[in-house]
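**Student:** Chain by chain, the residues:
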Amino acid sequence: ILNVEQSPQSLHVQEGDSTNFTCSFPSSNFYALHWYRWETAKSPEALFVMTLNGDEKKKGRISATLNTKEGYSYLYIKGSQPEDSATYLCAFFLGGSQGNLIFGKGTKLSVKP
Amino acid sequence: EPEVTQTPSHQVTQMGQEVILRCVPISNHLYFYWYRQILGQKVEFLVSFYNNEISEKSEIFDDQFSVERPDGSNFTLKIRSTKLEDSAMYFCASRAGTPNSPLHFGNGTRLTVT
Chain E
1 ILNVEQSPQS LHVQEGDSTN FTCSFPSSNF YALHWYRWET AKSPEALFVM TLNGDEKKKG
61 RISATLNTKE GYSYLYIKGS QPEDSATYLC AFFLGGSQGN LIFGKGTKLS VKP
Chain U
114 EPEVTQTPSH QVTQMGQEVI LRCVPISNHL YFYWYRQILG QKVEFLVSFY NNEISEKSEI
174 FDDQFSVERP DGSNFTLKIR STKLEDSAMY FCASRAGTPN SPLHFGNGTR LTVT
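Which chain is which? The protein sequence lines are E and U, in order.
Going letter by letter, the first sequence gives residues 1 to 113 in this note's numbering.
Going letter by letter, the second sequence gives residues 114 to 227 in this note's numbering.
Possibly wrong hints are sitting among the right ones.
Claimed, not checked - Only part of the chain E face toward chain U is listed, based on derived beta-carbon distances under 10 Å:
| id | residue |
| --- | --- |
| 1 | LEU47 |
| 2 | ASN53 |
| 3 | ILE62 |
| 4 | ASN100 |
| 5 | ILE102 |
| 6 | GLY104 |
Unchecked claim - Quick list of the computed label-pair ranges, beta carbon to beta carbon:
| id | chain 1 | residue 1 | chain 2 | residue 2 | range |
| --- | --- | --- | --- | --- | --- |
| 7 | U | LEU197 | E | LEU2 | 43 to 51 Å |
| 8 | E | GLU15 | U | LEU197 | 35 to 43 Å |
| 9 | U | GLY129 | E | GLN14 | 46 to 54 Å |
| 10 | U | ARG182 | E | LYS78 | 39 to 47 Å |
| 11 | U | MET128 | E | GLU56 | 46 to 54 Å |
| 12 | E | GLY95 | U | GLU116 | 20 to 28 Å |
| 13 | U | GLU131 | E | GLU56 | 45 to 53 Å |
| 14 | U | GLU116 | E | LYS57 | 20 to 28 Å |
| 15 | U | ASN165 | E | ALA46 | 19 to 27 Å |
| 16 | E | GLU56 | U | HIS123 | 35 to 43 Å |
| 17 | U | GLU172 | E | SER28 | 16 to 24 Å |
| 18 | E | LEU2 | U | ASP184 | 33 to 41 Å |
| 19 | E | ASP17 | U | GLU181 | 46 to 54 Å |
| 20 | E | GLN81 | U | GLU114 | 21 to 29 Å |
Stated by the list, open to error - List of simulated lysine to aspartate or glutamate pairs, EDC-like, C-alpha gap at most 16 Å:
| id | chain 1 | residue 1 | chain 2 | residue 2 |
| --- | --- | --- | --- | --- |
| 21 | U | LYS196 | U | GLU169 |
| 22 | E | LYS42 | U | GLU116 |
| 23 | E | LYS59 | E | GLU83 |
| 24 | U | LYS155 | E | GLU83 |
| 25 | E | LYS105 | E | GLU5 |
| 26 | E | LYS78 | E | ASP17 |
| 27 | E | LYS105 | U | GLU157 |
| 28 | E | LYS78 | E | GLU56 |
| 29 | E | LYS78 | E | GLU5 |
| 30 | E | LYS112 | E | ASP17 |
| 31 | E | LYS112 | E | GLU15 |
| 32 | U | LYS155 | E | GLU5 |
In short, the hints are calculated from the structure, not lab data.
It should be emphasised that the depicted structure is a prediction, and the values quoted were computed from it without experimental measurement.
For glycine and all other residues, C-beta sits at the position ideal for the given N, C-alpha and C.
Produce the complete structure using the sequences and hints provided.
**Tutor:** So, in structure tokens, the structure goes:
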């Protein structure tokens with residue numbers, strides 16, 4: 001059974017703090033890893049699709065790295081803002097054009113002003 | 114920007130009743146999915162759909178579930194005889210044709226079975 005683990009489960013930080021969280025996934029038969037941001041009362045929104053070992057992607061203050069050999073990805077948020085409060089989901093793509101995604105449980109980030 | 118739309122946003126039904134959850138995926142997308150999230154648990158894959166047929170389904174997607182794309186735009190999930198444990202947030206998603214394209218999710222339908 002494929003397992004995607006995220007840690008921590010929840011995180012409370014002050015505005016301005018930088019933070020990071022982890023996604024662990026199977027290191028064999030890797031195709032792609034997705035990161036999604038899910039705000040309360042909205043739908044998950046794609047942040048990054050990462051495919052290559054050593055990939056580093058950035059969107060504003062949010063960045064992510066990928067290590068496919070050891071099976072982990074880090075998501076970093078620099079200078080957290082209250083609007084960054086959301087659940088961050090990673091998902092392991094099973095491959096092929098019809099493959100589905102296996103999601104982790106998410107990391108719930110709360111940023112206090 | 115085009116988006117995935119789902120209706121209704123909230124559905125309350127009695128145990129044993131049939132429900133149909135509706136989705137309109139992004140028009141040029143080729144792959145369609147249903148996921149659900151039971152309160153407090155992780156997002157779970159139900160089914161994927163491509164070229165007018167199911168391409169993959171999970172153990173959750175038993176004989177009580179079915180999907181249809183009746184008219185080339187709508188994508189529906191039917192639960193024939195709902196159970197209490199079907200109460201969850203159901204998300205429809207669609208994806209473009211390239212292998213590394215992300216999922217685009219709808220806002221979800223909250224299904225409450227009483």
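**Student:** Between ARG182 of chain U and LYS78 of chain E, does the beta-carbon spacing fit 39 to 47 Å?
**Tutor:** Once the Cβ atoms are compared, 42 Å apart, the range 39 to 47 Å for LYS78 of chain E and ARG182 of chain U holds.
**Student:** Identify whether the interface hint at ILE62 of chain E stands, where standing means a beta carbon of chain U within less than 10 Å of its own.
**Tutor:** This hint is violated: ILE62 of chain E lies away from chain U, its Cβ roughly 15 Å from the closest one there, beyond 10 Å.
**Student:** Does the alpha-carbon distance linking LYS112 of chain E and GLU15 of chain E stay inside the 16 Å limit?
**Tutor:** Holds - the C-alpha atoms of GLU15 of chain E and LYS112 of chain E are around 6 Å apart, at most 16 Å.
**Student:** Do the alpha carbons of LYS78 of chain E and GLU5 of chain E lie within 16 Å of each other, as the hint requires?
**Tutor:** violated (23 Å)
**Student:** Holds or violated: 33 to 41 Å for the Cβ distance of LEU2 of chain E and ASP184 of chain U?
**Tutor:** holds (34 Å)
**Student:** Given the proposed pairing of LYS59 of chain E with GLU83 of chain E, does the C-alpha separation stay at or below 16 Å?
**Tutor:** Satisfied, since the Cα-Cα distance of roughly 15 Å is no more than 16 Å.
**Student:** Starting from LYS105 of chain E, check that the Cα of GLU5 of chain E is at most 16 Å away, please.
**Tutor:** Within the cut-off at roughly 7 Å; holds.
**Student:** That 19 to 27 Å hint for ASN165 of chain U and ALA46 of chain E (C-beta), does it hold up?
**Tutor:** holds (25 Å)
**Student:** LYS78 of chain E and GLU56 of chain E were given as a pair; does the straight-line alpha-carbon distance stay at or below 16 Å?
**Tutor:** holds (15 Å)
**Student:** Under 10 Å, Cβ to Cβ, is where ASN100 of chain E needs to be relative to chain U, so tell me if that hint holds or is violated.
**Tutor:** Where the cut-off is 10 Å and the nearest Cβ of chain U is about 5 Å from ASN100 of chain E, the hint holds.
**Student:** For the pair MET128 of chain U and GLU56 of chain E, does the Cβ-Cβ distance stay inside 46 to 54 Å?
**Tutor:** holds (49 Å)
**Student:** Using the C-beta atoms of GLU15 of chain E and LEU197 of chain U, is the stated range 35 to 43 Å upheld?
**Tutor:** holds (41 Å)
Violation of the numbered hints given earlier is confined to hints 2, 3, 7, 21, 24, 29; the remaining hints are satisfied by the structure.
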